[in-house]
Every structure is written in C-alpha cells, then in structure tokens.
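Q: One letter stands for each residue in the lines below.
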Amino acid sequence: MGGVRAAVVGVGQTHHVAARHDVSMAGLVREAAAEALVDAGLDWSDVDAVVVGKAPDMFEGVVMPELWLADALGATGKPLTRVHTAGSVGGSTALVAADLVRAGVHERVLAVAFEKQSESNATWGLSVPMPFSSPLVAGAGGYFAPLIRAYMARSGAPRHIGHLVAVKDRLNALRNPKAHLHLPDITLEQVEESFLLWDPLRYLDVCPSSDGAMALVLASEEVADRLPGPAAWIHGSAMRSEPTMFAGRDQVNPQAGRDCAAQVYAEAGITDPRADLDCAEVYVPFSWYEPMWLENLGFCEAGEGWRLTEAGATAFDGDIPWNPSGGVLSSNPIGASGMIRFGEAAQQARGRAGDHQVEPRRGLVLGHAYGGGSQFFAMWVVGAAKP
Amino acid sequence: MDADTLVERHVLEYPGGYTRSLGPAESRFLTGLRDGRIVGVRLGDGRVMVPPAEYDPETARPVDEYVEVGPAGVVTAWTWVSEPRPGKHPFERPFAFALVRPDGADTAMLHVLDADGPASLRVGMRVAPRWRAERRGHVTDIEAWVPLAEGEPVPAPPAPAPPAGADPDEAAEEPGPVTRMVSPVRLEYEINAGIAPTRYLHALAERRIVGQKAAGSDHVYVPPRGSDPTTGAPTEVEVEVGQDGTVTTFCVVNIPGLSDLAPPVPYVCAQILLDGADTPWFGLVQGLDADDVRMGLRVRAVWDDDPAPDARSIKWFEPNGEPDAPYESYKDYA
Amino acid sequence: MSGEVAVVAFAQTKHVARDRERNEVELIIPVVREAIERSGIPRHEIGFTASGSCDYLAGGPFSFVMGLDAVGAWPPIRESHVEADAAWALHEAWVAILTGEVDSALVYGFGKSSLGDVHEIMTLQTDPYHVAPLWPSMVDLAALQASALLAAGEVTERDLAEVAARCRTAALDNPNAVVAEAVDADELLARPITHPPLRDADVFPVTDGAAAVVLAAGDLARDVCSRPAWISGLDHRIEPQALGVRDLTTSRSTALAGANAGASAGGLDAAELHTQFSHEEPILRQALGLGDGVDVNPSGGPLTANPVMSTGLIRIGEIAARIHDGRIDRGLAHASQGPALQQNLVCVMEAR
Chain A
1 MGGVRAAVVG VGQTHHVAAR HDVSMAGLVR EAAAEALVDA GLDWSDVDAV VVGKAPDMFE
61 GVVMPELWLA DALGATGKPL TRVHTAGSVG GSTALVAADL VRAGVHERVL AVAFEKQSES
121 NATWGLSVPM PFSSPLVAGA GGYFAPLIRA YMARSGAPRH IGHLVAVKDR LNALRNPKAH
181 LHLPDITLEQ VEESFLLWDP LRYLDVCPSS DGAMALVLAS EEVADRLPGP AAWIHGSAMR
241 SEPTMFAGRD QVNPQAGRDC AAQVYAEAGI TDPRADLDCA EVYVPFSWYE PMWLENLGFC
301 EAGEGWRLTE AGATAFDGDI PWNPSGGVLS SNPIGASGMI RFGEAAQQAR GRAGDHQVEP
361 RRGLVLGHAY GGGSQFFAMW VVGAAKP
Chain B
1 MDADTLVERH VLEYPGGYTR SLGPAESRFL TGLRDGRIVG VRLGDGRVMV PPAEYDPETA
61 RPVDEYVEVG PAGVVTAWTW VSEPRPGKHP FERPFAFALV RPDGADTAML HVLDADGPAS
121 LRVGMRVAPR WRAERRGHVT DIEAWVPLAE GEPVPAPPAP APPAGADPDE AAEEPGPVTR
181 MVSPVRLEYE INAGIAPTRY LHALAERRIV GQKAAGSDHV YVPPRGSDPT TGAPTEVEVE
241 VGQDGTVTTF CVVNIPGLSD LAPPVPYVCA QILLDGADTP WFGLVQGLDA DDVRMGLRVR
301 AVWDDDPAPD ARSIKWFEPN GEPDAPYESY KDYA
Chain C
1 MSGEVAVVAF AQTKHVARDR ERNEVELIIP VVREAIERSG IPRHEIGFTA SGSCDYLAGG
61 PFSFVMGLDA VGAWPPIRES HVEADAAWAL HEAWVAILTG EVDSALVYGF GKSSLGDVHE
121 IMTLQTDPYH VAPLWPSMVD LAALQASALL AAGEVTERDL AEVAARCRTA ALDNPNAVVA
181 EAVDADELLA RPITHPPLRD ADVFPVTDGA AAVVLAAGDL ARDVCSRPAW ISGLDHRIEP
241 QALGVRDLTT SRSTALAGAN AGASAGGLDA AELHTQFSHE EPILRQALGL GDGVDVNPSG
301 GPLTANPVMS TGLIRIGEIA ARIHDGRIDR GLAHASQGPA LQQNLVCVME AR
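Residue numbers (my numbering), protein chains in the order written: chain A, 1 to 387; chain B, 1 to 334; chain C, 1 to 352.
Derived by calculation from the structure, the hints in this document are not laboratory data. The structure presented is a predicted model; accordingly, all values stated were derived computationally and were not measured. All C-beta atoms, glycine included, are put in the ideal place defined by N, C-alpha and C. A hint or two may mislead.
[What the hints assert, rightly or not] With beta-carbon atoms standing in for the labels, derived distance ranges:
id, chain 1, residue 1, chain 2, residue 2, range
1, C, R191, A, T123, 47 to 55 Å
2, A, G156, B, D292, 45 to 53 Å
3, B, R207, A, H160, 43 to 51 Å
4, B, D306, C, E34, 40 to 48 Å
Start from the sequences and build out the full structure, keeping to the hints where you can.
A: The structure is reproduced here in structure tokens:
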C-alpha cells in the first residue's frame, strides 16, 4: 500500500429498520454522521472533506441528493464527492475516502452511505424495466437464484446449506442492537418452511429492505495518533470490476472477486485468510452467497465452501466467524450495506463491537462489498495495530 | 443491413409517488403553511432562514428556534415561464418563478408569482401571498405571490373550509402537525436502441437470432450490445445462431406480479445458451412443469405469431425433444 | 512520491444535438479507444478507470454499468464511478495516482441529454419537499440567478450577449461543437428574450456526447507525452443549495476552489469554464480573478456544446490539448454542478 497510513477513528450508524417515518433524509444521514464524529472525538468543523455513497437515485426520487444534503453533512465550503458503484458502493465510498487521506490530500474525511428506500420500493428501484433490454423482470433474487443453482451443481452442496446461514446470521443479529431483523425464535425448520420465492431461495434466505445510514471517519496517522479513541488501521484495500456478461464469464465465482481478495491479502500479509483473519464482514444478501464467497475469497478450495458453513466454522463461536453483526441478511439499506460491512469490520478491529465482538487473535478483520451482476468488488483489511 | 433506428417511449415514475417523512424543520414549515403562516428558523449568525433548514448551512449545527415571517415580502429575483409544463407547474397559464424574501426573513424562498406579464415584474417589488382556501401542508398552499401596491393591506389567509360532511356545530379538532407528504415524480424519455441492438432486433422480426462478434474474435454475443466487453472493440461481424439451446441454469419464480410479461407462478427463468452463441440468453422456459426443468434441458425458441423488432418476439423456450446436454458441454457457462 | 500528475491524452465525440443512431456504449467506444491510443499507454497497463454519468439522464438505474462494456474490463480492472460530471471522476483518479498505487488512469464521461428533458430532470436535484414540487427547471433556476445578477447592477444584458456572441463565434474553429455562428452582441440582443432575462443564445444547447482523458504520473507522463499538461492544482468545493440563502451574484465555492488550486499563482493563458448559461461567465471570472488577458472558453465552451456529465471533463481536456500542442503554457479548467453554480471544481494545468 502506498501513501500516508490511514485509519478509521469513528463509526456511526442508525438503527436499521423497514421504514424511518420519524426523520427526513437529512435527519437520517445526520444520525449516523453525528454518531461517528462523537465517536471520533471530532467536530463538524474538523472534517476536511465528505464522501457520500448510495444506490441509484430512483430509490428516493432525488437526483444527486448529496448536493441538496450538503448542509446536513456539514459540507459547506468543503469538497463533497458522490460515489455510485451499484451494491458495492458503501465499500467503494469508504475506499475513496481512505484514498483522500492516503494521498495526503486531506487529513480527516467523513464517509457516509445511506438509503431511505421506504420512500419508494426496493424491488421497483432495482428493476425498472428499460426499453430494449431483457423484458423479463424477475427481481434481484431471480438473477442470483440461477447462479446459486449452478453453484449447487458444481459443488454438490446439499439443499439445506443456505438455510444454515440464514439462521446463523439472524442469531448473530440478536447481539447487534443496530440490526433491522431481530428474530429470536428463528430455527432451521422455520427457514425451510418459509415461502419459496425463487427456487432454491426461501423468504428467510433473503435480506430485508431497510432504511439506514452508516458513517465512518477516516484520519491520517498523525491525526489518529492524537485522538483518544481506538483506531482501525487499513492494512490493505482494493477494488475490482469486470463486465456484466462476456464469453466464458464465470458468474458464480467471479475473477474480479478473486483478484480483489488477492490484492488485499497481499497488502495485509495474509496467506491463509481462514487462519490469518479474526473474522469477516462479507456482503451476503442471499444466504447461499456465504459458501460461494468462502470459495471466492480463498477461505477454502473451490467446491468446499458449503462444508465450512456446515461444519460451523463461520458461526459466532467458530474459528472464522462471518458476519458477527448479522450481515446484509439482517439489515439492508442498499446504499449503506457495503459501508456497514466495512464499518463493522473496523469496530471488530477497534474492540468496539459490543455484544457481537469476536475475540481478537491476530487482530485483522476483512470488510467486503459487492454489487451489480457480481461484478463490482470492494474490500479492505483493517487491524488494531498499525501496518 | 441498414436498419431503421428503433426508438421507444419510456416513462420513469414510481407508481403513487414517493412517500416522504418530513423531519422536524420541514414539518414546522409545511404545517405553518397549512395554518396560513410562513415559518422560518434563526441561524447561528442571527439570520432568519426561510424555508427553515434542519441544520445551519454554515455551522452544520441543528437549528430549532422557529420564527414567523411575512406575510408580505420582496422579490429578489424572477423569471417568466411562458410555456408551463402541464401536470407539473402550478398554473396552466404563463406565470413567474421568483425568489421572495418575506418581511422579517434574511433569506428568500423559491415560489411562483401570478402576474399579468413579465413587464409588470421587477426585482424589489413587494408581493403578498394568495392562500388557497383548502390547504394541506404543501408548498402550493400559497397558490402564488401577487403584486402588493403601496399602502394596500395584506389579505389574511382564508380560514380553512371545514371538511365536507362535518357537523358545523361541533368544535373542529385541532389538527396535528403535518409529518409526511407524497411526491409524484414522472419523467418521460425517448430512448433509441443503438446500432448493434437495432440490427439484432430487426432480425428478431424475421424470426432470426443474429448475434455479433468483434473482428478477429470467435466470441458471439447474443443479444449484442455493441462491443466485446473484454476488449472494448465494436462487434461489427454478424453471426446467426441457432434457435435451439441448452438451459445452463435456472430458477423457479413463485412471486406473482414482478413483470408485465410474467406468466402465472410458478414459472421458470433460465439462462439459455443458444447453439453458436457464447453468452447466455435470459428467458422463460415453458411447456413443461416447473419441477421438470433441469440444467442441460434442450429447448427451442417459441416465436410470437407476429414478431416485431422487439425482444418480446421470442415468447419463451420449450423443450425440443433432444436428450439433455451433458454437464461437460456447458459447465463453463454455468 | 513526487505528486506529479499530468493529462497526457484527451478525446471527445463530435457532439450532436441528438444522436438517433448510437446508444451510450456506442458513443463511448471510439472516444475511449482514441484517448488510449493517443496516450501511448497500452490498455491493460492503465492502472485505474473512473467514469462519471447520471442515472436520471439515462432514464434508469445502474446506467453506468453499460459504460463498462466499452472499456475492455478484462482481466478485471480497478474501476470506480461517480454520479457526477466526469471531472469529479478525474479528481478521484488523480487521488488514486497520488497514493502511489497506480501511475496511470483512464477517465471518461458520457450522457445523452436528448433522451429526456434535461431541464426538467435537473429540477429533481432541488429540495424534494418545497422546491421540486413546483418544478422549476434547470433554466428557470439559472434565470433566477441571472435576474439577481443583473439587478445588482454591475453586469448588463449586453455583457451577457457579448459572452454568447464570443462563444458562438469561437466555436466556428471547434469541429466538435453543436452550435457555431459568426455573430455579434447587437445581433443577439435583437433576438427575443425567452427565459427572462435570458435569450436562447444565453442557454446551452442540449447535447449528446462523451469524452475521455488519460492521466499519467511523473516519469510515465514524460515517456509517453512530449508536452504533458501537468496538474499543478486541483480542488473542489460546495455551497448550500438553496438559491435564497446564497449571494447569487458571486461564487464563493469557485473562489475557494480556485485559491486552493493556485489559480492566481501565475499567469493564465486560457480558461475553460463550465458556463452552461452566459451570466455564469462574469460571476466565475470574478471568482477566479480572470483578467482581460485570459482567453476564456476558446473552444466555444458549454454554450456551444454541453454533453452533460462530460462537459466538465471536456473543459479539462480542452486546456490540456492546448498545452499538448503548444498553443498555451498555463491554463485553468472549471467544472460545475448543482443548481446555480452550487458546486465547483478548478483544475490548473501547465507545461513544465
């Protein structure tokens, strides 16, 4: 990694819920941003630049809402940037903010990602039918469910594997007061009996639709060293994209994800992610993506991801907990979800994850986001010690 | 093939409009309008801002000292709309947009003026709000600002009319604050398909599936989008592909109403690799029970009786009777 | 890390009012290819790719994804996108190079303003509670700023006509412009006022187009380009959006960005300003301290071609191209977005 060392010195997020009727859009982003600044021990006037990420503007029906929200974000007189990289946006927003610090351009950067998708409807927003494109609209699940079937065929995974993840992540969410879904009675049977939406995905295998915001304060080494609270140092960061469709594309285990992970691990000195990481916050919006990403991210050989899940390796008390926060399966404000992964990873590294804190070992945690047709990837590795 | 440009109208509209929760500042402002008052907020530097922001634009601090302003005001900028947009603008006849600074405020609010014509308008003129009798907590509760002659008294807002059917002898209940609003947003577009998709779609009208590849490449793209994405090279070579293909993967959809074209649930959406193509086609598989669909199923395109240059000309794919393709033959595409 | 980053290549479409044939991908393909070829850097060696575009302009969500098909993102590339004019994508790319992780970047912007009603689409940038429901268009909002400016007394209608006339005439030398005519201020003043106080010539032409720029660091830039356009300063700032809370006769965010970018650190030969409306030029000239000796919008500027989402990037490209071919030694490019010059970016480039 080049440049100035950068760290996450403040984290804030809203309590994610189906709909926030009590706040304006400004109020929603402020809640997360204000919490992050308080956490960092900084004031609005200390922020040098603001980076905002969110999903397509159709969700809220405002073009480039960050321009209108400049006041609420304390951005008057400051640089304000809006990142939009589909589902990975929360992660790429954090990386753009971190780069501003690493390049030496700014010292204290506020990164905010949000979605107030209850103002419209997430299913509509994700699949507005366009002229001259495929007329068949099957929803997000309709795109990913066939890829999950293909994974099952490749790997021989039994049908219940996804349901194990659906239970695990919701049980983890019970330790996270900010999570949207709190399902204390969830059982494997409940998931198996829930409505079959897109075979093989059942209702409880799928993420909720949430309103929410996430904010991070990124700071340079010089600033972070002077602040009272703990820092999560960035040990590695990477982004990779590949085209939506091309001849020979592996849609199930995309090269872009593998390449992105390889760079991040190389930078962070990770050779065996399962052993070298304490835990991982990984973008799993459909339960089956846990075993698929276990393989894509090199936690095991291709075809073996489902065995790791089945063995309980990724459970809260397993050797490599995945999504101790409850993950995307428990909270999904679309534009924010990637940053929630990155921020929860930072909280783990800082020892600030409260009841969902995983016992640190090597002190390194992975944050991961993806989007589009499994084509956009953003990742970072953060740690309690400086790189 | 010289194909006519394909253009289609497209409407972008969230049905029913966006349901927005207002937050405290906007709620005070719009509730004030409902009640015939213009409410601003005092900023950190002492200025009164209207409409009120939730957070001070200079200091970013929350602000909550609300101040009533107006009712009259001064025009600080104006422009004339000679061709109003039907269904969007507040008037069908020409009108003005203006920045109006209500008396007692230090900032101006954007609103409309109702006047005879642009010749009657000037920056610095005094104006007064003309209120609607029926107000709901919307910026149009002020129907328009109108010129106010010197010495002319400002008309009071009409008392809100009682709801239809209400008992006039019953004391009207004090209505609570306005906390939400619904915003219709509708935009129209004319979108053209592009050169490569146009050629492909015209071939569909002839019941031919014609993919494209870049010169020097073997990779046939169906449907084509104009480029080979791995190189960015334009796909200028046409290659007709077969009407038969293999289901490489699929799912069974159980959610009704996702799409205008969706058949009754359960239905199968599949990736279909047409013979000769190198990218999958996303489509429906019909003609057998959803439970009987499997990876490797061999299918054939079923055409509309009257195909047009439109992706819907292929209605769905049906089993073609051939034995299933072995996994090895398509596993790189699944 | 020296911090030396230069623009080494620039390409743009031959802009048109409405491209009835090509879709966005087909607009981008030749522009990206030309920029990469001019750069002399092989496509697979370019370290980072960033683009700017707008979903609402395209009429649907995730519209930037189609742009990726035009750039050859295979093997997978490091790539990002901003929902903003591509000048902001260039800023992101500049930052990426400054981290030292990459030494080159491809930046592109695209958009077909002719598909919908761009004036109306940009209404949706405004406050959704109490401004957007009145549907003031992009032109209405600009006209309000022009009204305030003229009312303040220092800028006249004739000043606006002179800006418009100068730009239209300059565009005769620009094969990429949509509008060009030999005209003087008197002729324009004789034409009707259509959006008081603005005339048609004071308002940008709706344009479809795309543009691309290649950035390179230090030694690489010197290897591939005989006269790189070195970025000596780059900064952007934003103001509150509400028109009524700002002094519309000045552009404090432009002044701040210009100061941070070192606009006045040395003589400027030329400046390309993101003036979609003629009244914006006197405001920006004052904010940037541009004297009479500076050639403003030698390309004709956005009043003669405004492919929204690329316009700001093209300002940077036009100045860079003039440095590349020796016409100038030092120039300033400005990009803007948001109603009435709400957000502004300044890029100062020079030969060394």
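Q: Each hint needs a verdict: does it hold in this structure or not?
A: Each hint, compared with the structure:
no. : hint                        : result
1   : C:R191 x A:T123: 47 to 55 Å : 50 Å, holds
2   : A:G156 x B:D292: 45 to 53 Å : 21 Å, violated
3   : B:R207 x A:H160: 43 to 51 Å : 44 Å, holds
4   : B:D306 x C:E34: 40 to 48 Å  : 43 Å, holds
Hint compliance for this structure: hint 2 alone is broken.
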